[in-house]
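A.B. asks: Single-letter residue listing:
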Amino acid sequence: MTGALHRNPVMVGLVVLTIAFILAPLVIATVIGFSSSPFLTFPPPGFSLQWFRRFLGDPEFIASLRNSLVIAGLVTVLGTVVGVLAAYGLDRLPRGPVKAVISGLVLSPLVLPIIVLALALFLFLANVDLLGTFTGIVVAHLLIAVPLVTNMVSAGLSTLNPSVTEAAASLGAGPWRNFGLVVLPQVASAIVGAAVLAFLFSFNDVTFIAFIGGADVQTLPLKLFAYIRYQLNPLIGAVSTLFVFSTLIVIVTFDRIVGFDKLVGIKD
Amino acid sequence: MTGFRVPAFLQAISAWIALAPVLVFMLAFFVLPAIGLVQISFYPHTAGTVLTPGFTLAHYAKVLTDPFYLSKMLLTLRVCALVVFFSLLLAYPVAYVLVRGRFAGKGLMIGLLLSPLLTNFVVLVFSWILLFGPGSFLMKGLQPLFGAGFKLLYSESGLVISLVHVAFPYALIPVITAIAQIDKSLEEAALSLGAGPWKTFFLVVLPLSVPGALSAAFVTVTIVLSSFAFALYIGGDSVLIVPLLIWQAVRDTLNWPLAAALSVSSFLVIFALLGIGMHLAGLTRAQRRLA
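Protein sequence lines, in the order shown, are assigned to chains Y and P. If you use my numbering, the first sequence corresponds to residues 7 to 274, in order. If you use my numbering, the second sequence corresponds to residues 978 to 1268, in order.
No lab work stands behind these hints, which were simulated from the structure alone. Only true hints are included.
Quick list of the computed label-pair ranges, beta carbon to beta carbon:
1. 1043/P / 30/Y: 37 to 43 Å
2. 1004/P / 60/Y: 42 to 48 Å
3. 1111/P / 30/Y: 16 to 22 Å
4. 1158/P / 83/Y: 32 to 38 Å
As the structure is a computational prediction, the values presented were derived from the model and not from experiment. From the three backbone atoms N, C-alpha and C, an ideal C-beta is built for every residue, glycine too.
Hey, can you work out the whole structure from these sequences and the hints?
C.D. replies: Here it is, written out as structure tokens:
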């Protein structure tokens, strides 16, 4: 038995405080969304659904929501396909400098500050006239989505028993058939998890879109980003509520499918 | 191994076919823009035009010697250091309890702790404006304690608090991984030799998890430098950290070469610090082996 420090009251107290700190802002934004007041008074004087109605009745917000969903959908599909292929390719390369360089190249967007990537892409896209276009935004989000998927699926692939693939190969399965029928099903949950994270990244992104989005292609986060600059009212709270609840659904579902304890490697 | 085997060359080709899309994509939209960024950081800036090709070191000289930019670089480093410190301070107890404790709903608890990572940054920014804004219930409660001049919105402490909130999940994951890798029997040995649980934590768990803490620190710094939405709305003009300066150079003064030079220099500074950190960690481990 270890020293029971994980049951020490000071330790547990710190953990409870941390959880409260993490959840408090989200809870408050959610409550404000139901406010009956036009001002951001907390606790609200009364409750109503007026701000949800305002949000859902605003064609500009709905259009930006549609844009966000389309972009995130495209990014998820493209990012998952390219990322899974990349993970498979990396897995098949023999250990050595070539593999190290390629995996370094594929994964490095994840370690750079997004603002540096966004600025580099902003300057590049301005040059090729893709600034403020749909394509430009999808490309920007793929820059994170692809390495994200590659990273998670690579981790899944590295835990597989190579003798299964060897057995399939010795029974006559070529590399592609092997990939589709033997390898993919074994890492399905990693792929699903990676796809969910890619979707969430694209759907939530503010930094890329603030740099390379434009008046023509507004996503919901960009619209909100501009909105809070000029007005602060419970409408953003209502949107936050929608975001928080969809995030909660994703968290619970993700935990069911992949398991957060498994994701961070402490499944026992 | 008898029977049919896939020829080696075909296997190698299949790997390259699978890698082709990602390589083309990364070359076109990561390597080329990165080269462009470095190139543009040397362009001279002339008011009125956006980009004029040429070569000058003026922007780097400005970033690294001008007292204004120098002080903002130092401010950014201080904000990064504070956010790293407090994120780790919160992450360690949580990670330890999650790894060593046995209770139901662990997965869901991790999910909730990671929720800032999955929530829209604008929602988080809005929540903090709500909490920190003048007249909010939090400020009404805090002002009698800290004096009427106390404020969190447009202040360094407010920015640090909101950044710790958003960086915490990113710091938590590497710390969990590091603690999970520590052999439990090492802690048991320390305990059976008479070290108390806290002493064991500080002398066994903490030193052995330094690599995890370092990668947590690195990711946290990356997050601080990425989240300019927080800098813009919570720090504002009173806490001009580098991401905000980059944003202003792009949007307000249209000095793109300066923005590029700021990005390249902050990037170099982080990697230098990371290198020093890894070097120091390697050194202390080597020293321990010698002792």
